[in-house]
Amino acid sequence: MFIWSQIIFILCFLLAIFFFVRNVGRIRKNISLGQDINRSDNKKARWKQMGRVALGQGKMTTRPIAGILHIVIYTGFILINIEVLEILLDGFFGTHRLFLPYLGQFYGVLIGFFEVLALLVFVACILFLTRRFVSKISRFHSAEMKGWPTKDASYILLIEIVLMVALITMNASDHILLHHFNPPISSRISVLFANLSSADLALIERTAWWFHIVGIFAFLNYLPFSKHFHIIMAFPNTWYASLESSGKIGHMESIDNEVKMMFAPEQANPNIAPPESFGAKDVNNLAWTSIMGAYACTECGRCTDSCPQNQTGKKLSPRKIMMDVRDRAEELGTFQRQNPEKENDGKSLHDYISQEELMACNTCNACVEACPVLINPLEIIVEMRRFKIMEASQAPSEWNGMFSNIENNGAPWQFSPADRDQWTKDLEE
Amino acid sequence: MKEKIHIPTMSELAANNQQAEVLFWVGCAGSFDDRAQKITKAIVKILHSAKVSFAILGQEETCTGDPAKRAGNEFLFQMQAFTNVQTLNAYGVKKIVTACPHCFNTLKNEYPALGGNYDVIHHTVFINQLLIEGKFSIKGGAFQGKKITYHDSCYLGRANGIYEAPRDLIEKLDAEFIEMKRCKSKGFCCGAGGAQLFKEAESGRSEVNQSRAKEAMNTGASIVAANCPFCTTMMRDGLKENDSSAQVKDIAELIAEANDL
Numbered sequence: 002m003f004i005w006s007q008i009i010f011i012l013c014f015l016l017a018i019f020f021f022v023r024n025v026g027r028i029r030k031n032i033s034l035g036q037d038i039n040r041s042d043n044k045k046a047r048w049k050q051m052g053r054v055a056l057g058q059g060k061m062t063t064r065p066i067a068g069i070l071h072i073v074i075y076t077g078f079i080l081i082n083i084e085v086l087e088i089l090l091d092g093f094f095g096t097h098r099l100f101l102p103y104l105g106q107f108y109g110v111l112i113g114f115f116e117v118l119a120l121l122v123f124v125a126c127i128l129f130l131t132r133r134f135v136s137k138i139s140r141f142h143s144a145e146m147k148g149w150p151t152k153d154a155s156y157i158l159l160i161e162i163v164l165m166v167a168l169i170t171m172n173a174s175d176h177i178l179l180h181h182f183n184p185p186i187s188s189r190i191s192v193l194f195a196n197l198s199s200a201d202l203a204l205i206e207r208t209a210w211w212f213h214i215v216g217i218f219a220f221l222n223y224l225p226f227s228k229h230f231h232i233i234m235a236f237p238n239t240w241y242a243s244l245e246s247s248g249k250i251g252h253m254e255s256i257d258n259e260v261k262m263m264f265a266p267e268q269a270n271p272n273i274a275p276p277e278s279f280g281a282k283d284v285n286n287l288a289w290t291s292i293m294g295a296y297a298c299t300e301c302g303r304c305t306d307s308c309p310q311n312q313t314g315k316k317l318s319p320r321k322i323m324m325d326v327r328d329r330a331e332e333l334g335t336f337q338r339q340n341p342e343k344e345n346d347g348k349s350l351h352d353y354i355s356q357e358e359l360m361a362c363n364t365c366n367a368c369v370e371a372c373p374v375l376i377n378p379l380e381i382i383v384e385m386r387r388f389k390i391m392e393a394s395q396a397p398s399e400w401n402g403m404f405s406n407i408e409n410n411g412a413p414w415q416f417s418p419a420d421r422d423q424w425t426k427d428l429e430e
Numbered sequence: 132m133k134e135k136i137h138i139p140t141m142s143e144l145a146a147n148n149q150q151a152e153v154l155f156w157v158g159c160a161g162s163f164d165d166r167a168q169k170i171t172k173a174i175v176k177i178l179h180s181a182k183v184s185f186a187i188l189g190q191e192e193t194c195t196g197d198p199a200k201r202a203g204n205e206f207l208f209q210m211q212a213f214t215n216v217q218t219l220n221a222y223g224v225k226k227i228v229t230a231c232p233h234c235f236n237t238l239k240n241e242y243p244a245l246g247g248n249y250d251v252i253h254h255t256v257f258i259n260q261l262l263i264e265g266k267f268s269i270k271g272g273a274f275q276g277k278k279i280t281y282h283d284s285c286y287l288g289r290a291n292g293i294y295e296a297p298r299d300l301i302e303k304l305d306a307e308f309i310e311m312k313r314c315k316s317k318g319f320c321c322g323a324g325g326a327q328l329f330k331e332a333e334s335g336r337s338e339v340n341q342s343r344a345k346e347a348m349n350t351g352a353s354i355v356a357a358n359c360p361f362c363t364t365m366m367r368d369g370l371k372e373n374d375s376s377a378q379v380k381d382i383a384e385l386i387a388e389a390n391d392l
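Residue numbers (this note's numbering), protein chains in the order written: chain R, 2 to 430; chain L, 132 to 392.
Each hint should be verified, as a subset may be incorrect.
[Claimed, not checked] Below are the DSS-like pairs computed for lysine-lysine, each with C-alpha atoms no more than 25 Å apart in a straight line:
id	chain 1	residue 1	chain 2	residue 2
1	R	K316	L	K330
2	R	K49	L	K317
3	L	K225	R	K249
4	L	K169	L	K312
5	R	K249	L	K169
6	L	K330	R	K282
7	L	K317	R	K249
Honestly, the hints are just simulated from the structure, not real lab data. As the structure is a computational prediction, the values presented were derived from the model and not from experiment.
All chains should be built: construct the whole structure from the sequences, respecting the hints.
Right, dumping it as structure tokens:
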């Protein structure tokens with residue numbers, strides 16, 4: 002019997018890891034649909050950036066309430082993992098509270114600390130649910146949040162609440178059984194169990210133990226299908242995020258050579274073939290870091306909430322851009338796996354993101370600035386605009402006028418270049 | 132009538148074997164737009180009064196390509212950049228002062244990869260440097276008792292992290308300075324950037340410039356200070372449509388006014 006529980010546990014563990022690794026592999030493949038770009042320079046600055054923004058939650062508290070509640074859950078998640086480690090080891094070796102004999106008095110302190118965190122996480126999750134469904138904060142109820150995204154958010158919070166309840170229940174029953182440690186939260190709850198027999202208590206303890214750890218295994222496997230995957234992707238995303246000033250939009254090297262061919266053929270490289278297409282038609286034309294950003298997005302909506310176009314009622318929503326990139330990467334990735342002989346399913350990212358959305362962007366960087374994990378929706382919008390303008394010739398007519406003015410008069414308006422210095426006359430006469 | 136100022140062009144100086152320390156990059160708005168020309172003239176008066184050795188490109192200046200690039204026309208952008216870099220490098224330009232944060236951002240951040248490496252400075256930062264170096268001073272008094280708020284442009288603010296120099300200059304005006312709710316890195320766009328100035332907005336509840344103008348009006352300021360010719364236009368229109376009597380002025384204009392230039 003004793004050995005059976007170990008076997009079942011190890012089996013559960015291996016299955017959880019197997020499926021998780023397989024799904025992470027799927028996401029990895031989807032991310033690598035994107036174009037190669039080098040974001041591995043200046044490693045020191047990158048580690049620092051990741052440390053500050055992801056590990057240190059450096060951008061979270063620009064919105065204090067959500068920020069502090071998030072830091073509570075984040076800290077709880079990280080530290081309670083120490084108790085989860087004990088649970089895992091107990092499961093493997095068939096032991097019970099493996100660390101207790103080694104840590105003595107300190108064990109109680111540690112469990113007490115975890116329980117306080119668990120209670121805080123519990124409260125934070127309730128408050129998050131309240132913000133979402135009772136206070137009805139507007140950014141949680143925009144068009145792109147209908148259906149699965151809202152369900153996903155609720156599931157995550159409910160699962161965390163249930164896991165914390167299981168942890169406390171386990172400690173409460175064990176507190177009566179063991180008497181070795183005096184946990185501050187669960188010892189108060191154990192009053193509820195005062196009249197139960199040892200056998201009943203043991204049953205509750207075991208049930209809560211199994212429920213908690215199998216729940217964690219299940220949650221782990223929920224991640225790759227959920228926005229909650231951000232808890233992993235926030236780290237690589239902040240590491241690979243641009244280190245340059247956000248005003249800089251990278252130039253297209255493929256066009257360099259073309260322009261040189263026109264203006265200075267002696268500087269051009271005749272061996273470089275002209276580019277096959279311009280800009281992003283589909284996710285595989287985006288930089289791989291843009292697709293990674295889509296998987297790092299937890300749909301918090303800070304970007305959309307600060308977007309001037311969205312806030313004045315336009316369709317553009319930077320959060321939707323990221324969700325669309327992710328959904329399309331999933332769709333294209335799945336298609337390619339199922340049809341290895343074909344490259345494309347005939348659809349594109351433009352089936353998800355409309356002309357109206359793309360053309361509205363002010364390139365103001367408010368979304369980039371707002372993102373707590375350094376996702377850049379603007380890079381995607383610009384790449385898609387490049388496709389619209391240079392490949393599909395779908396510029397708004399006023400823009401075509403502006404382009405031809407720049408080309409012919411050197412200014413976006415229809416003025417003669419000879420009048421450019423007319424203003425000096427007023428000062429000189 | 133005020134003092135006459137002669138504004139040399141780079142080609143004029145080159146013909147006389149002279150060079151200016153600073154190229155003043157006027158920008159398309161500052162060159163052609165009636166409203167923005169006033170900002171240009173204010174900057175020139177300040178440069179002149181601080182005895183800065185400067186010149187303009189005159190008719191050799193062309194659009195940096197910013198609106199084309201942000202609209203998605205990278206080809207046109209690179210054609211503009213190629214032409215401008217050739218002109219700038221031919222004159223051996225080292226230091227550029229711009230009147231427009233869009234030109235500033237493009238010259239500073241996007242030209243280096245295309246062979247144009249210059250020390251690019253926005254006029255508010257440059258004027259602030261002149262103050263710090265003691266080459267120029269601002270007379271207080273003209274704005275005493277007035278309330279001024281400041282609109283961060285996206286391309287000076289978020290894009291390049293310049294928040295303090297413009298505020299330092301406003302502080303020197305002896306007026307009452309009041310921030311809008313969304314300021315600095317949280318500043319709200321005027322609605323012009325990303326080539327939006329050149330097309331109709333998509334349909335929605337309201338216009339971006341209206342929203343920002345209302346926010347400025349809520350401060351009770353009679354002057355909205357700006358650092359960008361496009362913001363100046365958008366905010367002026369937004370205020371007008373909301374029947375506000377508040378005026379939009381570039382910081383350079385406020386300083387020129389304070390010093391009676």
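Hints, verified against the model:
no., hint, verdict
1, R/K316 - L/K330, "16 Å, holds"
2, R/K49 - L/K317, "24 Å, holds"
3, L/K225 - R/K249, "20 Å, holds"
4, L/K169 - L/K312, "29 Å, violated"
5, R/K249 - L/K169, "29 Å, violated"
6, L/K330 - R/K282, "23 Å, holds"
7, L/K317 - R/K249, "19 Å, holds"
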